[in-house]
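For reference, the chains in residue letters:
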Amino acid sequence: MPHYLHAAPSTEIGPIHGEKDYFGEKPIPICVEGFSGEAGEVLKFDLYVQGFSIVTPDLAQFQLSGNNAGNVTGALTDKFARKALFSRTYTGASLRQQAHALADEVVHQVRNLKPIGNTKIAFKSQSASGNGEIYISDFDGYGAQPVTSDAAIVAKPAWVPGHLAMYYTSYARSNPDIYYHNLSTGQRRVIAGYSGLNTSAAVSPDGSRVAMILSKSGSPNVWVCNADGSNLKRLTTSTEDSSPCWSPDGQWICYATKFHERRRLAKIPAGGGAVQYLETTGAPNPTEPDWSPDGKWIAFTSQAGDFSVCVMPADGHFTPVVLVSGQNPSWSPNSRTLVYNHGPAGRQTVAVLDVFTKQTRDCHHAPGSNSEPAWTK
Amino acid sequence: MKLNKLVFPLVLALAAVMTTTACKHTSPSKVTVIPTHNAPTPMGDPIQPIPPTPPITPEAPPIVTDKPLGPGGGPTSDIDLTKYNQDPAALAAYTVHFKYDSAIVQDNEQANITSVAQALADQSLRLLIQGHCDERGTEEYNRSLGERRALALREALAKANIDPSHVKTISFGKDKPVDTAHTEEAWAKNRRGEFVLLRPKTPVQ
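These protein sequences, in sequence, are chains A and B. Number 343 in this note's numbering belongs to position 343 of the first sequence; there are no gaps in the numbering. This note's numbering runs 1000 ahead of the 1-based position in the second sequence.
Isolated chain A (complex conformation):
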């Protein structure tokens, strides 16, 4: 007998209160002075998508001053508290990476978030033919490079947490197969190539298991196997399942399904067990769930005519918040910024969104239609 989630205690940091405690947040005003060119762009981009607004000095609560003559150097001051917070110079790597590291330090000081400045995303690029390649880039889209050369339909890259390795779907062998690809060595192999559909790989937080959608039993269902494809077990028996994702504690798999004629999100214990259905009142036809690393939120796509990126508390404490037009949200390690895609059909762009202020910016665009982004964890 399924039951609906009602304010079940969160296993994470603390209980979620009301929607207004989190959403509709005002951005933190900061002035950014002395930086030029790429370094300035990186700083302003990174701060904006982590919930800062770039303002003139008279409106600023914080001040980041410095320069990028040679190396990036910056100092942060809390103007209200009249306190110098840090002064840093960065060396090595590239100018962009130095500027990202400086932004990380600002965000760490002010918001105490996990750094995202030098993290990466993977995504698919697709041409008009339907064929494409898997790309990786900096989280802002810079430095994009293909990691496949399949000239085939590709889909749904999924990072192995903490590793330069991923899973994805490719039709390189004229069938949707799931590959494991080690980006350090360039080696890859098929870990799920059963007859029918093999797609939507999702890696467990400890990297030891993979959930996926296989149709080998006669309907698309959620299956789980070891990272190498062995020990494959079927998890769901409903007939219309898609897009599994893991809870950050590895205990649950959340996925899209149908129940009583309505499309829903559901969750099931990762080792098997009773399905629980999630209510997404106000956000119909939910798909593509992604669970935030801090365990508090599930982001997903709602489809009601257009696509919307929505976020709901994982414990169902209040109904989903509709954020922006777009699809396929993927959380960054900081549990407030996510990446998604939006735009006209066939001409999608990847963008990043600060969930609590709704501030969003397009990433640098790679050739083709860019979609299905996945943020490293």
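Some hints here could point you the wrong way.
[Unchecked claim] Listed next, the stretches of chain B that the computed footprint assigns to chain A, with coverage defined by at least 3 CB atoms under 8 Å from CB atoms of chain A: (1) 1078 to 1085; (2) 1088 to 1096; (3) 1108 to 1118; (4) 1162 to 1173.
[Unchecked claim] List of simulated lysine to any residue pairs, SDA-like, C-alpha gap at most 20 Å: (5) B/1083 - A/193; (6) B/1189 - A/89; (7) B/1189 - B/1135; (8) B/1189 - A/305; (9) B/1083 - A/304; (10) A/258 - B/1101; (11) B/1099 - A/343; (12) A/44 - A/150; (13) B/1176 - A/367; (14) B/1176 - A/262; (15) B/1099 - A/259; (16) B/1189 - A/346; (17) B/1176 - A/258; (18) A/114 - A/96; (19) A/44 - A/89; (20) B/1176 - A/129; (21) B/1189 - A/173; (22) B/1176 - A/96; (23) B/1176 - A/130; (24) A/258 - B/1102; (25) B/1099 - A/303; (26) B/1189 - A/150; (27) B/1176 - A/127; (28) B/1176 - A/89; (29) B/1099 - A/262; (30) A/233 - B/1102; (31) B/1176 - A/44; (32) B/1176 - A/259; (33) B/1176 - A/347; (34) B/1201 - A/173; (35) B/1099 - A/239.
[Said to hold, decoys possible] Derived DEER-like restraints, expressed as beta-carbon distance ranges: (36) A/272 - B/1092: 38 to 48 Å; (37) B/1108 - A/41: 50 to 60 Å; (38) B/1108 - A/344: 30 to 40 Å.
Please keep in mind that the hints were generated in silico from the structure rather than gathered at the bench. Don't be surprised by glycine CBs; every beta carbon is placed ideally from N, CA and C.
Use these hints to put chain B onto chain A, whose structure you have.
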């Protein structure tokens, strides 16, 4: 003025130090001067070298180690496409169309099912069903829906006495529309299952 050449670097250094006053705004008199990066600071080592990112070799083409297709222990069939020639034209007239967000084979498609079943009377033939969607679902949802459409057609053929193990399914999601317009008419054309006849290749003598 001659003095500028000596004074200028000093001014720069002072400017770096007096960063609290770098903005055009009078600062309060009790603001602490931020130390330069040469001075020790209680806030930790100010020089932050960035660790190098692990090397990625995207130019090296991926090395595919062929893993055999799974045992296909379930109802999906294990047809090896390399042993067949594909004939998409033979059954092109019998493409079945679906309602929005549905994998139910409509009653008015029964004639198409019957025609395909009749074409498979020759027991050496096999069939590939390609399931497609319109653009209005997400990519992964549609990949699953396309497969459901292909499986539904296989089930309809099973009711017409076609051996399900002779029928292979593949989903193309929304990746291969026949009409790329963003209209109801185009979408209706794209929600389809296409039948590809598989003729066994003549074995090499």
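Could you tell me which of the hints above the structure violates, numbers in ascending order?
2, 3, 6, 9, 11, 12, 14, 17, 21, 22, 26, 28, 30, 31 and 32
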